[in-house]
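Student: In case you want the letters, here they are:
There are 2 protein chains.
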Amino acid sequence: MINPGDALNIIIEEAKLLSSEEKHILNCLNDVLAEDIYSKDNLPPFDKSAMDGYAIKSEDSVNCSEENIGGFKIKGLIKAGDFCEEVIKAGEAYKIMTGAAVPQGADAVIQIEKVRTEDETLYLSEAVKKDNNIIKLGEEIKIGDLALSKGTVIRPVEVGLLSSLGYEYIKVYRKPTVALIITGDELVDIHSQIQKGKIRNSNEYSLKAMLKNLNCDGLSLGIVPDNKEALKEKMEYALEHADIVLSSGGASVGDYDFVRGILEEIGADIKFTSVAVKPGKPLTFATIKDKLFFALPGNPMAIINDFQEFVRPAIEKMMGKSQIFKEEFPVILADNFRGKAGRQKYLYVHIKKQEGSYYAYKAGSQSSNHLMTMSRANGVVIIPKGCENVQAGECFNGKFIFR
Amino acid sequence: MINPGDALNIIIEEAKLLSSEEKHILNCLNDVLAEDIYSKDNLPPFDKSAMDGYAIKSEDSVNCSEENIGGFKIKGLIKAGDFCEEVIKAGEAYKIMTGAAVPQGADAVIQIEKVRTEDETLYLSEAVKKDNNIIKLGEEIKIGDLALSKGTVIRPVEVGLLSSLGYEYIKVYRKPTVALIITGDELVDIHSQIQKGKIRNSNEYSLKAMLKNLNCDGLSLGIVPDNKEALKEKMEYALEHADIVLSSGGASVGDYDFVRGILEEIGADIKFTSVAVKPGKPLTFATIKDKLFFALPGNPMAIINDFQEFVRPAIEKMMGKSQIFKEEFPVILADNFRGKAGRQKYLYVHIKKQEGSYYAYKAGSQSSNHLMTMSRANGVVIIPKGCENVQAGECFNGKFIFR
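Same order as they appear, the protein sequences are chains Z and H.
In terms of our numbering, the numbers along the first sequence are unbroken and rise by one, the last being 403.
In terms of our numbering, the numbers along the second sequence are unbroken and rise by one, the last being 403.
Please note that a few of the clues may not be correct.
[Stated by the list, open to error] Computed list of chain H residues with no C-beta within reach of chain Z, every gap over 10 Å:
no., residue
1, Ile2
2, Gly76
3, Lys234
4, Glu236
5, Phe325
6, Ala341
7, Cys387
8, Gly393
[To be verified] Under the rule of at most 20 Å between Cα atoms (straight-line distance), these lysine to aspartate or glutamate pairs were calculated in the EDC-like manner:
no., chain 1, residue 1, chain 2, residue 2
9, H, Lys196, Z, Asp189
10, H, Lys196, Z, Asp82
11, Z, Lys340, H, Asp131
12, H, Lys196, Z, Asp47
13, Z, Lys75, Z, Asp107
14, H, Lys352, Z, Glu328
15, Z, Lys352, H, Glu327
16, H, Lys212, Z, Glu168
17, Z, Lys281, H, Glu113
18, Z, Lys79, H, Glu113
19, Z, Lys399, H, Glu328
No lab work stands behind these hints: they were computed from the structure.
Ideal placement from N, C-alpha and C gives every residue a C-beta, glycine not left out.
Whenever a hint applies, use it, and build me the whole structure from the sequences.
Tutor: As structure tokens, then:
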């Protein structure tokens with residue numbers, strides 16, 4: 001039984017960055033950029049008016065005041081999208097709309113609210129500073145500047161930035177294909193009635209939903225009966241067609257648990273076969289060439305916990321993320337929780353913020369088959385291996401789940 | 001100019017819960033349940049073994065000890081999925097695998113690691129308590145019990161729970177259809193070269209990406225020229241086909257900004273036309289029957305800020321979410337930031353946790369056209385309306401963005 005920290009180190013060491021692929025920017029949300037993006041333009045591409053107003057030469061307004069309101073000849077109107085070919089001369093002004101290109105020769109825009117016009121003449125009651133209300137050419141980014149570095153996670157703002165720079169397709173790291181093998185003669189389809197001794201195949205759905213949450217495709221190979229030959233065939237197929245293979249159930253020491261034996265037969269490098277965590281102890285991790293194999297436990301809560309703690313970080317590292325661990329923070333227990341020493345315990349709890357601190361409330365039985373408890377929980381509190389029962393008022397690290 | 005809190009209250013008041021629809025559970029992630037879900041079964045549906053071991057009558061083991069190792073007749077093997085029709089009798093045991101149904105008459109399972117067997121006989125060196133290693137019928141949930149209430153957000157664990165209960169399709173609230181109208185003669189397609197006076201249409205991509213981030217479909221009506229008739233036609237079409245209409249640009253006081261005039265013509269109830277926030281002041285909100293219309297500003301950073309602060313909460317309320325505001329927390333400024341009084345300012349910053357506190361570092365110019373700054377930011381600090389320049393060391397509320 002290996003410690004969870006050591007288990008994670010081994011997994012992370014084996015999870016290698018995948019190749020990159022070119023995708024449309026709108027299909028890249030949450031992907032990781034696999035190239036540096038340089039600007040091919042100046043942004044803005046011209047001196048731009050930040051306001052609706054009048055473009056003038058600022059030096060012309062030096063003497064303007066309440067008493068001396070000047071008088072500029074309004075030459076015309078520049079709308080956003082227009083380009084004025086004329087060069088503005090002393091004593092001239094152009095009416096200009098927000099976002100429009102400032103005419104050549106002008107170096108300031110005075111807001112429409114601050115002026116008075118009469119016929120074709122503009123009157124100012126104050127001096128205007130150079131560059132007033134002008135967004136300068138290249139102020140945001142210049143040709144050749146680095147806009148986004150390799151490794152950046154694509155969020156909506158990066159989609160906006162890339163489109164403003166004219167990038168419609170970008171290179172991002174490929175996400176792993178994850179094959180699912182569900183074993184167990186006790187399993188029936190979720191739309192079936194439960195017959196004697198059987199339960200519904202919920203693990204496949206939990207796994208598919210967790211993969212979908214990471215925008216990963218699950219390659220489901222369905223329920224495989226507890227039959228060594230059938231299982232071996234599926235495992236070999238999965239290893240050929242996926243980057244990561246997850247099996248559910250069939251990894252404890254029972255007579256009918258073949259996964260480990262098959263892994264040995266096919267020459268997998270078995271790194272560990274159980275981890276000192278609760279729930280989720282029966283977790284086997286193996287590598288076969290560059291493929292990762294996780295034999296996950298069959299208990300519904302254990303499989304979700306192991307996926308979140310051990311599989312998710314591997315997936316995120318392979319797709320190029322640098323922040324693969326969720327932020328932990330101190331959580332004060334609001335209830336007592338029973339436990340035994342020997343394994344690191346993940347208590348599924350309801351975390352509430354009260355007066356600036358986080359408190360953990362009971363969400364139900366911590367038995368590893370209880371999805372009801374996990375469904376009532378919004379977080380976990382992590383109780384170290386050495387601890388037994390823990391009491392209200394004690395403080396441990398915790399984190400939120402599924403967000 | 002309305003205060004942001006008042007603006008939000010008006011929007012939230014007008015954003016009404018949409019109707020529900022039936023969907024496959026794997027397509028419901030992040031949706032909100034529109035019905036109560038009751039269990040149609042007991043879970044587990046039988047007394048289930050939590051371990052690989054031997055099922056016995058616990059009373060038979062009362063006198064077992066290191067010295068008195070008893071001797072039980074092993075009657076057979078029960079695998080997961082099997083159902084044993086025999087009733088166990090005094091002095092008998094069944095070998096049983098994890099997840100298998102405990103045979104009738106047995107009330108305890110002793111782990112395989114704790115016993116010794118010889119031929120068909122089981123020897124125990126300790127007494128076994130009643131219910132040891134047995135997950136009792138209905139322990140997780142009983143027939144008719146409430147499993148999930150209306151209003152629950154569907155996460156992977158709820159998908160797992162629903163499948164274990166045999167629910168493949170569920171009723172969830174519909175998400176709003178959101179139509180996008182992008183105005184501006186200055187806009188060119190993102191794959192175009194920028195000609196004089198033009199910029200690329202990045203706002204449409206930012207909006208589509210933000211909608212996708214909420215799993216909402218955007219109904220894009222493309223770039224509409226600054227022409228009142230064309231715009232009116234698009235607006236009417238959008239209001240007919242969508243629950244929410246977003247327009248970008250064209251809502252300031254410029255001569256070529258028609259949106260507000262059209263809203264009045266078509267009888268919309270205009271609730272406000274500007275909000276005291278920076279960036280994002282030129283925001284118009286109107287209702288037409290049960291439809292919501294947001295005229296968003298054209299500046300790239302302003303439109304994203306307004307979407308996150310004012311549109312997102314409306315969408316989330318309409319799809320049934322009860323927690324529609326992001327968690328704010330105290331953030332200490334690590335840099336000085338310049339600002340004017342008069343509007344609530346959203347400073348786009350890099351928030352770092354240091355020794356248990358959050359600190360905000362400059363990410364670049366806060367000018368409302370700078371997507372580069374927003375791209376370097378992972379959060380905002382919210383500076384109240386009355387504040388001007390703020391100094392390193394001062395503490396304000398902040399929150400993370402895009403997560």
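Student: Indicate, hint by hint, whether the structure satisfies it.
Tutor: Hints versus structure:
Against chain Z, the non-interface label of Ile2(H) holds: every CB pair exceeds 10 Å, the least being about 18 Å. The claim that Gly76(H) lies off the interface holds: its Cβ sits roughly 13 Å from the closest Cβ of chain Z, which is beyond the 10 Å cut-off. Remark: the non-interface label on Lys234(H) is consistent with the geometry, its nearest Cβ contact in chain Z lying 18 Å away (cut-off 10 Å). Residue-level check passed: Glu236(H) sits 24 Å from the nearest beta carbon of chain Z, beyond 10 Å.
Listed as a non-interface residue, Phe325(H) keeps its Cβ farther than 10 Å from every Cβ of chain Z; the least gap is roughly 13 Å. For Ala341(H), the shortest C-beta to C-beta distance to chain Z comes to about 18 Å, beyond the 10 Å cut-off, and the non-interface label holds. Distance to chain Z confirms Cys387(H) as a non-interface residue, since its nearest Cβ pair spans about 22 Å, more than 10 Å. Distance check on Gly393(H): its Cβ is at least 19 Å (rounded) from any Cβ of chain Z, clearing the 10 Å threshold; non-interface status holds.
At most 20 Å may separate the alpha-carbon atoms for a hinted pair to count; Lys196(H) and Asp189(Z) exceed this at roughly 62 Å. Distance check on the hinted pair: Lys196(H) and Asp82(Z) sit about 8 Å apart at the alpha-carbon level, within 20 Å; holds. Of the pairs offered as hints, the one joining Lys340(Z) and Asp131(H) holds, with about 18 Å between alpha carbons and a cut-off of 20 Å not exceeded. A distance of roughly 11 Å separates the Cα atoms of Lys196(H) and Asp47(Z); the hinted pair therefore holds under the 20 Å criterion.
At roughly 16 Å between alpha-carbon atoms, Lys75(Z) and Asp107(Z) fall within 20 Å of each other, so this suggested pair holds. As the CA atoms of Lys352(H) and Glu328(Z) are separated by approximately 14 Å, the hinted pair is consistent with the 20 Å bound. Between Lys352(Z) and Glu327(H) the alpha-carbon distance is near 12 Å, which keeps this suggested pair within the 20 Å criterion. Between Lys212(H) and Glu168(Z) the CA atoms are separated by roughly 17 Å; this keeps the pair inside 20 Å, and the hint holds.
With a C-alpha separation of about 16 Å, the suggested pair Lys281(Z) and Glu113(H) falls inside the 20 Å cut-off, and the hint holds. A threshold of 20 Å between alpha carbons decides the hint, and for Lys79(Z) with Glu113(H) the separation of about 83 Å lies outside it, so the pair is violated. The hinted pair formed by Lys399(Z) and Glu328(H) meets the criterion: a straight-line CA distance of about 17 Å does not exceed 20 Å.
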